[in-house]
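Novice: Build out the structure end to end from the sequences listed, making use of the hints.
Take 818 as the starting number for the sequence shown in our numbering and just add one per residue.
Among the hints, a few may not be true.
Within a straight-line C-alpha distance of at most 25 Å, the following computed SDA-like cross-link-like pairs (lysine to any residue) qualify [as the list claims (entries may be wrong)]:
id : residue 1 : residue 2
1  : Lys890    : Asp847
2  : Lys839    : His964
3  : Lys890    : Tyr952
Read the hints as simulated data drawn from the structure, not as lab findings. Source: prediction; values computed, not measured.
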Amino acid sequence: MMIALIGLPGGGKSTVGRQLAKRLNARFVDSDAVLEERIGMPIRSYFEQHGEAAFRDEEEAVIDVLTASDADKALVIATGGGAVLRERNREHLKSRCTVIYLRSSPDELYRRLRHDTQRPLLQVADPMAKLRELYDQRHPLYEQTAHYVVDTGRPSVGSLVNMIIMQLEMAGLIPPSSNPADAPARRTD
818 MMIALIGLPG GGKSTVGRQL AKRLNARFVD SDAVLEERIG MPIRSYFEQH
868 GEAAFRDEEE AVIDVLTASD ADKALVIATG GGAVLRERNR EHLKSRCTVI
918 YLRSSPDELY RRLRHDTQRP LLQVADPMAK LRELYDQRHP LYEQTAHYVV
968 DTGRPSVGSL VNMIIMQLEM AGLIPPSSNP ADAPARRTD
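Specialist: This is how it looks when you write it as structure tokens:
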């Protein structure tokens, strides 16, 4: 099983992805980390030196390789926030993976990211306006690509992972949890 997490920058894809992979006994891969290894420099530097179009070309190659991985191995992929901008990425993600959109509002993302200096698209005079613009541009693409949507709101990482596990169980993609502590509360009356 291959699961891909999509969503805006700062939506928790890497953090949730690591915990989800641990719970599913799967390998975790952050596509941005693979991309940085491929280009030999931080994404921000690459962006500055080569521009967004060249970056998106590299990102598309990474998404293609990651989603074409051995289907027999359990894998959780955290994608970059803009991975859905390319139609080919959306097609590969949707057809090769179970895609979960971690939906976050621009306001909550701003609270999380206001001091972040590593995300190239947010190094602007008005990061809140940029987050709103990114949301307006990308939200329809995330929804088009996703098989499931999980609102991040204010739940803990553990709660988000539990919500994803429950979605996967209800869809029959993974067997029901055998750990009673992981199972949702059930009514007994």
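Novice: Taking the numbered hints from earlier one at a time, note which ones the structure violates and give those numbers from smallest to largest.
Specialist: 3
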